[in-house]
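Asks: What follows is the residue order along each chain.
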Amino acid sequence: MSPHLLEVRNLSVEFHTLHGQVKAVQGVSFHLDPGETLVILGESGSGKSVSASAVMNLIDMPPGEITSGEVLYRGKSLLEMPSEERRAINGARIAMIFQDPLAHLNPVYSVGWQIIEMMTTHGMPSDQAKRRAIELLGRVGIPDPEVRMKAYPHQFSGGQRQRLMIAMALALKPDILIADEPTTALDVTVQAQILALLKELQLETGMGLLLITHDLGVVAEVADNVVVMNAGEIVETGPAAEVYANPQHPYTKRLIAAAPGSGEMAEPLAASGQPLLRLENVTKNFGTIEALKDVSLTVMPGEIVAIVGESGSGKSTLAKTLLRLEEPTSGAAFYNGRDLFQMSPKELFGIRREIQMVFQDPTQSLNPRMSVYELISEAWAIHPEILPKVKWRDRVAELLELVGLSADHARRYPHQFSGGQRQRIAIARVLALEPKLVVCDEAVSALDVSIQAQVIDLLEGLRNEFGLSYIFIAHDLPVVRDFADRVVVMQQGRIVEEGTVREIFETPRDDYTRALLAASLDPDPAVQAKRRAARLEMEAARP
Amino acid sequence: MTDTAQIPDNAMHKSPNALAQTVRMLWHDKIALVAVVFLIIVMFCAIFGPSLLDDAATKQNLRGRNSPPFDLAKGWLFVLGGDALGRPLLARIIVASTNTIMVATGAVLFSMVIGSTLGLIAGYTKTRASQIILRLADVIMSFPSLLLAVIVLYMLSPSVTNIIIVLAITRIPIYLRTTRAEVLEIRERMFVQAARVMGASDVRIIFRHILPMVFPTLLTIATLDFAFVMLAESALSFLGIGIQPPEITWGLMVSQGRPYLTNAWWLSFWPGLAIILTTLSLNLVSNWMRVALDPVQRWRLEIKGKKQ
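Going line by line, the protein sequences match chains P and F.
Okay, so the first sequence: first residue is 1 according to this note's numbering, each after it adds one.
Okay, so the second sequence: first residue is 1 according to this note's numbering, each after it adds one.
Hints are computed from structural coordinates only; laboratory data are not their basis.
Treat the numbers as computed from the prediction; the structure is a model and nothing was measured.
Hints are not guaranteed to be accurate.
Heads up, incomplete: computed chain P residues facing chain F, CB under 10 Å, no partners named [said to hold, decoys possible]:
(1) Leu323
(2) Gly350
(3) Arg352
(4) Arg353
(5) Gln356
(6) Asn367
(7) Pro368
(8) Glu378
(9) Ala379
Below, computed lysine-lysine pairings styled on DSBU-like, alpha-carbon distance capped at 30 Å [as the list claims (entries may be wrong)]:
(10) F:Lys126 <-> P:Lys320
(11) P:Lys130 <-> P:Lys173
(12) P:Lys293 <-> F:Lys126
(13) P:Lys530 <-> P:Lys253
(14) P:Lys346 <-> F:Lys126
Covered by chain P, according to a simulated footprint, are these stretches of chain F (three or more residues, beta-carbon under 8 Å) [to be verified]:
(15) 182-191
(16) 202-213
All residues carry an ideal CB built from backbone N, CA and C; glycine is no exception.
Build out the structure end to end from the sequences listed, making use of the hints.
Replies: Below you can see the structure in the form of C-alpha cells.
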C-alpha cells in the first residue's frame, strides 16, 4: 500500500503559559489522499488551526511544543526533516491560504511582483514566471490579468484578494493546499464562488485539499471526509454525508442541532395599531457615494425585522443613521410619530434609552477598564430617572441572571469572559435602559454556532417577555430564517425586496434575493448538493 | 486561542477594599515596593528636611573642606563627606530635595495637566480650536526648550515659580501630542460609540471612557519627564539663571562639584545618585501602576502573590 499524501499520526501540541501547560491538541490523527477534500470542523479553541499549523511548521516554539506524534508527507516525516529540506516542501509542495488575505499580501509590492517572486525564489526563470503568473491570475478569475498584475493589494476587493492568495498558493503546483477558514471573512455570494473555484482547481490538478472551518455549510458544500474537533481532540471522523446524517458523538449531534436554518419559520404578525418606527426615504451620502438611497421601512411593536445584505449594502450605515451616530442627508424617521432626525440633542437624549444597539464585537463594545457592574450601571448614571442608586446592585444582579450569567460576575472585567458571555453582558447593559427597540448589528456573527443559538434564544425570550422590537442586521441567511418576522433585503444602499420570512425564503421575487439564497450554504450535504446543481443551472441560463 | 475566562480572580474577590487590594498588589511586586518606600523617604526629606537640618546644611566648616565620605570622625552628617566649603553633603542633599522636588513636581504636573487637557480638546473636537492648539504646540516645539528657558529667565527674575512655569511650558507639547493621538484613536472605538448610543454626554465620554485609557501613557511620560526636568533645572542653575545660591538643588550641587571631580568625586556623585535613584523609583512605580490599573493585566500581580 502506498503511503498517504499527508498523514498526521497521534499529534499532540502543548503551549506553555503562565497558567501552566495548555493542551491545544491531543492525540490527533488524520490523513489526506490526492484529489480528496478533508475538512477539519470545530469551534474556536478546538485546536483545528493548531493542527494545520503543525503541518506547515507555523507553531511558535516556544511557547508551543509538539509533545508527540508524526506528520508524514508521502511517507517522509516532516518533523524530523532538516529545516532546509522542509522549506523546499513548504510553499512548493504544501501551500496554505488564510482567512485574511490582506494581512498576508505585502501592501507595498504589486500583486504580480509577489506572485512572480514566489516562483523565482523556488528557481523558476523570471520570464517563465511572468507568463505563469498572468496565466494563474486569469485562471482564478481576475479580469484583465495583464493589467491587474501591476495593481496593489488594496486595489482589489476581499474576494479578489482571496483569489490572489489562491493563485499564489497554486503557483508551484502543490500537492496539498491547506485553507484556514478561507471564506469566513467573505460575503455569501463570494464565498460560494471561492469554494467553487477551489473545487474546480482541485479537479484540474488533483491536489489534496485540507480545509479548516467552523461552518457546517462549508463542510456540506466541499467536503469528502470530515474530522470534527472539540477541545483539542478528534471526536468524530468519516464521510461528510454520513457524519451529518448519522452523528455518533454527542458533541457532533449538538453542533448539527445548533446549526441555524432548520427551525420553524415565524408566522407573520397580525398587523395592528401604529408602527413603532417608520423610516421614510432615508438617504445618506458620503461625498459622492450614495450609502443609502430612499430607504423606507416600518417596524411594528414586538416585531423582529431583519435587514440582510452583503458588505457595502448600507445596512450598518442605516443602523448608525437611525441612532444618529451619522447624520442623514435627507429623509425622516418617525419613532412613535415623532421625527428622530429633527430632534434637538436634548429631545434626542430622552429617546436614546428607548432605542438601543447591540454591536457586532462585544470585545470592542465593552470598555475593558470597567467592571461588569460599572458597565451595566453606567446606563443609570446617564439616565438617573430609571433607578435610584441604592437599587443598582440588586438590579445588576437581576439583569445578569436574566441573560444567563450569575450575580457574582458583576465584579469581574470583560476580558475574564468568553465571547458569548461578553455578548450577554452587552445585552444586559442594553436591557438596563429598558428600551423598546433594539438594533442588533451583526450581533451574533462573531460567535460560534452553538453560542449563536443560545444568544438568539435569549433575544427571542426577551422579545416575548418584554415585547421588545428588533432590527436585526445580518449577512447570515439561516440565522435570519429562524429568528425574524420580516426580512428586508438591501443591495448597494437600496431596498430590493421586503416581505415576511416565508415570502423571502420560499418565493423570492428579486434576482438578487434569489442569488443570495442560492449562495447560502445549508448544513445538510444532500440539500447542498441539490442547491449547487440549481446554482449551476442558473449560471448556465445567464447569457 | 486563549480562554481568558479561566483566569483565576479569586484574590480580587476576597476583599472589595480598594486600599487593601492596592497594598497587597504592591507587596507582591517587591521591586516596586522598594521604589515606593524610597519615594516616601524622599518626600519626607523634602517636607521636613529644611526645618530640621537647615542650620547644619549652611554652616561652613573650612577645616572639613572636601572631607572624604565614610569618615564618621566629624559626626554622622559627614558620612557622605563635605563640600568645598566644608558643609556636610548629607544634610545638603536632604535640604536640597525640597527645591528639587518642588521644581520637578510642579513643572511635570503643570505641563501634564495643561498638555493633556489641550490634547483632549484637540483630539475630541474637530473645530478650529483644535487646529489653533496644534499650531501652538508646533511653535513651542520648533524652539529649543533650553534656549526658550534662557531667554525667559533672562528677562524675568529667576525664582522657583518662574522656573516651574518656563520648564512646564516647554514640556507641554509632549503631553499634548501624545494625548491627541491616543484620543483620535480611542474616540472611534466601539465602546465609545456604545456609550454615545446610551446617551452619554461628551464630558462623561471624555472622563469615563477616554481619559482612563490615555492616563497610563501620560503617567509613563510624566515619570520619564521628571528626570528631564530635574536635569534641565540643573542646567539652568549651572548657567546662573536657575536657582541661585544659597538656595540649593541637586542639579546645582552636581554642577558645583564639577570643578572638583578629579580630587573630590563625592561632591557631584551623591546628588547625582539622588537624581538617578529618584527617577528610577518613579519609573518602577509607574510601571507597576500601569499594570495595577489595567484590569486585563492586573492578574499578573495577583498570580505572582499566589506562587510566593
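Asks: Would you mind marking each hint as holding or not holding in the structure?
Replies: Okay, the hints, checked on the actual structure:
no.	hint	verdict
1	Leu323	holds (5 Å)
2	Gly350	holds (8 Å)
3	Arg352	holds (3 Å)
4	Arg353	holds (6 Å)
5	Gln356	holds (6 Å)
6	Asn367	holds (4 Å)
7	Pro368	holds (6 Å)
8	Glu378	holds (7 Å)
9	Ala379	holds (6 Å)
10	F:Lys126 <-> P:Lys320	holds (20 Å)
11	P:Lys130 <-> P:Lys173	holds (15 Å)
12	P:Lys293 <-> F:Lys126	holds (28 Å)
13	P:Lys530 <-> P:Lys253	holds (23 Å)
14	P:Lys346 <-> F:Lys126	holds (21 Å)
15	182-191	holds (count 3)
16	202-213	holds (count 5)
Violation of the numbered hints given earlier is absent; every hint is satisfied by the structure.
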